[in-house]
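Chemist: Chains as they are written, first to last, in numbering that gives the first Met the number 0: chain A, 0 to 418; chain B, 0 to 600; chain C, 0 to 304.
Just so you know, the hints here were simulated from the structure itself, not pulled from any lab data.
In this text the structure is predicted, and so the values were computed from the model without any measurement.
Here a beta-carbon is modelled for each residue, glycine too, at the ideal position from N, C-alpha and C.
Please note that the accuracy of each hint is not assured.
[As the list claims (entries may be wrong)] Under 7 Å between C-beta atoms, here's a sample of chain C residues computed to sit facing chain B:
{"hint": "1", "residue": "34"}
{"hint": "2", "residue": "36"}
{"hint": "3", "residue": "37"}
{"hint": "4", "residue": "155"}
{"hint": "5", "residue": "157"}
{"hint": "6", "residue": "160"}
{"hint": "7", "residue": "193"}
{"hint": "8", "residue": "194"}
{"hint": "9", "residue": "198"}
{"hint": "10", "residue": "238"}
{"hint": "11", "residue": "239"}
{"hint": "12", "residue": "285"}
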Amino acid sequence: MSLTSPAPIDAANEQALQRIYTARPYLVAVRPARELLPQLGADTILHAGPPVAWEAMCGPMQGAMLGAMQYEGWAADLHGAQALVESGRIHWQPCHSLSAVGPMTGVVTPSMPLMVVENREHGNRAYCTLNEGLGKVLRFGANDASVLERLRWLQQTVAPALHTVLQRLGGIDLRVMMAQALSMGDEMHQRNVAGTALLGQALLPHLARTVSAPEPLGGIAEYLTGNTQFFLNVAMAAAKVTMDTAVGLPGCTLVTAMARNGTEFGIRLSALDERWFTAPAPMPQGLYFPGFSAADANPDMGDSAIVETLGLGAFAMSASPAVAQFLGVGGWAEARRYTEEMLEITAGRHPHLLLPTFDGLGVPCGIDIRKVVETAIVPWINTGIAHRQAGIGQIGAGVVQAPLECFVQALDAFATVYL
Amino acid sequence: MGTYIRCLVLFSTYRDSVWLMHLSHTLESLPGVQRVAVMMGTPHNKALLQQAGLLTAEGEAGGANDLLVCVQAETSTAAAEALRQATVRMTPQQGRGAATGAAAPRTLETGLRRLPDANLAGISVPGTYAVHEARKALQHGLHVFLFSAHVDLEAEASLKNLAAQQGLLVMGPDCGTAILNGVPLGFANQLPRGPVGLIAASGTGLQQVSCLLAGQGIGVSQAIGVGGRDVHERIGGHSMRAALQALARDADTRVLVLIAKPPAASVAAQLAREAAQTGKPCVLAFVGETVLAAVSEGVYPAATLEEAALLAGALARGAPLPMELAALPASHAAAAQAARTALQPRQRLVHALYCGGTLAHEALGLLRRALDSVVSNLDGTLGVAPATTHVVLDLGAEEFTQGRPHPMIDPSARRPYLIEAASNPDVAVVLADVMLGWGAHADPAGTLAAAWQEAQAVARAAGRALVGIAHVCGAPEDPQGFAQQCQSLREHGLLLADSNAQAVRLATAVLGVYAQDSPAQRLAVGNTAPGAAVLPQAQPLSVPLPARLPELFMTGPRVVNLGLELFATQLAAHGVPVVHVDWRPPAGGDTRLASLLERLR
Amino acid sequence: MQARATSLTIQVRRWSQAAASLLPPQQEVIGRVHSCYARILNVHTPGGRLLTLQGEGILQAPLGLALTTDVAALGTCLPVGALVVQDMPLAKRYPAALRLRCADALVWDGQVPAQPGLTPSVLASRAHGLADWLCRHAPTRGLTPILLALEHGYGPMGLSAINAAVYTALAPLWGEPQAFAIPTLLTLVKALVGLGEGLTPAGDDFLVGLLAVLHVTGFLPCRATSPVREQFCQCVRLGTSQLSGEFLRCAFEGHFAEPLVMLVRALCAPATDAWPAHATTLATVGHSSGIDAMVGIALGCRLLA
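Starting from the given sequences, assemble the full structure and let the hints guide the process.
Modeler: As structure tokens, this is what we get:
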């Protein structure tokens, strides 16, 4: 094998991988953002993806912002919200900057409940919103009364109930749950059926014992079990808390985050901390629901690419042939190819998140920017496709490739510091 | 419409009877095919086939464990197509996961994951990247077969040093031929196994000597290519000397042959010294070396490839060494005379058009000893007006192969030069080599014959005759069909020589000019003591044996192939474990990024 | 072609006694992969024998090993030359591509020991019965056409080249009835070995069938002296492929493939109704190998009657 001892970069990467492998994420609480994130300013809204100015925000993102302001009570209606924006008194920053992640527009305001995932191995925490469900929702930029009402219901009814249950349980081991879901055909990005069911299984007995009346119990139960993407947000937070352990390791060339805001696609590199390397967000390719087409699609959006950063989603496609068909990728053989291709650009394989339908070994883990630039193979991401007009919602699902440019920028920046 | 009989011998090939029947029926249904017989080459079966008129010389070469596919067709093309189809079906469908949907790996590392016990990396990617891939391969413990050219001397030296530290061998750069454990790598012929070990800094040189040996019925234990510049002073014959150590200890090798264009004097001396220390007789074929230094006992210099093959053959048989070689067999001499009479007085020139580099080099040297003013692209003497001089062209040289395949793969490159020679009223003789073997064109004789017909027509139209001399560098068992290829050339009116050196002698005979030592040619080895070979005393060897080379000889190559896919296909067809890597230039060809990546390893 | 990353370890479900005797428990190396086609994988032992690995089911070769897995898939990951060893601790040091676990394999006896009660008239009637069956069920396949030609003295006209050659070799034996002797056998072997199409040429299959009859009647092995064995083996070695030669060599020693053994045992048993079913099975072996072997059996019975 190698003549000399591992180069410093390889050693740093190995160290990062060890942290990722040993992280143990637990779902422990649901609390309002202002309680969890003291650095969150009173006039700040978080969003998915790298930093973006209002003018550059895509339709759904702006729509979500306007809705969020109303939800928070900073404006009475759309006009008021618009005026607030123009006044310049509202600020926005990425969820990632405060250890949070949000799907699609990923908008987070101080009153919003966030799920808390704690890494019991290293002690860090990460946060994610509660998935609103399907249809007209804030994460796709809808902002009418029904949306706000639902958000309030989540805040006032669902969040406290969940929190109580989680306290009783003392937390839910998410690594075990994700491994189980993987073996049941989920890849934890576009397919979360099994994970949602497993979570429901864990929560419902305790919910039944802590929520006294048939309503709201029925409503909460329906919410938890009726939305097959519920587990997505949980998986995102688990992935975030895991990848955060690898942030800031000197000489490490692994990617710690991939995220999009509907305008730009950004990645973060371990050795370079919180710096974003961005490029225009690509358009997803996939299957559209009846009545919609590529002309209606919004560029790629959301923090959900954090699951691919860990090695799930498209990286684990071989575990989920069903998602391959759903995304229009093909069948089992094609699904397998995605995982195989991602093995070319990753430094390791996660020892606990195993691919039963591949070779029984773990998901490709630890995207090395050197390998990405060398082979010109970029990460694939499974994604939902949003309508580019605010508020219409999901119009399809497919795959998207991270722009090579981000990795080239990161490599150049790394070289500037280290060479 | 005549009948064309072709036979294909598939060595040590076993298929169940149902499959064989199926093949038989499939071939029979091809257009133009009249009769098909598919059977094992047992004595009784061959007798049957003989009686039925279906057995050719190629088919005769098959044995009881070999599968014969005999075809009778209306046209030569139909017959060839039928055999091609048979070959295609024979190649085992070992997918690179085609059946399972796996994509080809993109890098050496992922290739190694699929074939962890690989022991050789075959590298034919562009030179700039080849060094890096070769280094990676060595660090992973693989020997390297480096087909790529355009690798600078320093890089080559550093690779070979790294190889030495790792106990590995670098075959190359610019190495196109090797035969390891009977497996042909790159452009190599289908040779019998036998006691002669060849080490060559020249691909076509290796091919010529090994084919001439095969023609004598003498086989090869290992044939190791070391790259054209291995014998340069800077490299010092590194790989050649390492291979020499290995073959010195290889039980299957009894005779050694070293082939190269003349090395630097110090390197030549060291090689001669180390050859003498092996304890086995060694032929030094430094092609074109006219001044031969005194050598020790047991080391035999040869000035031409033909001589090398003769000496090695005699040594292998334990026969007395030939001291002289008749310039031309009587029949050839007669043919030369007859051809000569058809020429016009002003036709005095020879144009030699070669696919094989070393063969061109040898021809140039030999022609210059007999003729004045021979120019060539080999040494920059090819001036602006070659019309009135003898010309030797190496059509495989870089200037001729920009953006087009090498003439060994596509011999049609020769055609325009043939026509040009035919149009030149001063040209009397055209010399050409026909290279057979794996990797080479499927019917190079046919291509030459067709072009030759055109050339002759041009000359005839101008009221001239033109003499064409060719030699087929091939082994009896080569896939193209050695006998067939020779026959094809003869049928089209080309004079056929048995070797490159003889072809040159034939050309000079046609021109009425003879080399110094006519009529008999004194061999370089005549400088040493006459009689049977004397074996040198074995002594401790100075260069370390590459520790992992004997294993490669014993178990054969298991290959990770980067670059030309045809090499991988060829290996797979020989039943060699191989994984083909779908290699792309790093960073998509962006050199700035590539060099950045290099520094970040 | 790719070799698998890890060495495969497979259990041998069942093997012939002849194969088992070639692989004592302490022998580490079994051999190297010699060839692979259809659902068969042949392994060449260091002693020069050819073992045949197959999937579960009836043993198709006298030196047959039935594995617990389908061999077709196995063949795609075992290149020719790959090393095969027994699965035992000492053999761990070999870089083997395939390890076979032979410990609990069931042994099947593939011999056809001499049967009492095979009088000339019994043999003649069996010969007739089998020849009849062949002419009715496979009249144009393999060597069957020569049965009729020999019976009625039609001569080799109208027969294919191969059949004509076989006919020519057998016709003299029809001329005058004489006791079958070793020289006759050796002459037949010389005339027929390696003759015909297919992986096992028709001549070889015929000889295997004939040899089965020689064993079941007790003609062999008592007459198989060393010189005779040596002559036979040399003839086979020079005249046919390694693979077919192995079948012949085993046949000479009295070991046969399962379908053939079942037919011969049934044919020579007192009850006469069981053998047609076995004939049907044997007829499906190879393209015409089974048929040709049965022609050999039929004519062998007649010759010894």
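Chemist: If a hint holds in the structure, say so; if it doesn't, say that too.
Modeler: Evaluated hints:
1. 34: Where the cut-off is 7 Å and the nearest Cβ of chain B is about 4 Å from residue 34/C, the hint holds.
2. 36: 5 Å, holds
3. 37: Check passed: Cβ of residue 37/C comes within 4 Å of chain B, closer than 7 Å.
4. 155: Nearest chain B Cβ about 13 Å off; hint violated.
5. 157: Because about 16 Å separates residue 157/C from the closest Cβ in chain B, which is outside the 7 Å limit, the hint is violated.
6. 160: Holds. Min distance 6 Å.
7. 193: 3 Å, holds
8. 194: OK, holds: residue 194/C within 7 Å of chain B, min 4 Å.
9. 198: 5 Å, holds
10. 238: 6 Å, holds
11. 239: With Cβ-Cβ at 5 Å, under 7 Å, it holds.
12. 285: 4 Å, holds
The earlier numbered hints that this structure contradicts are 4, 5.
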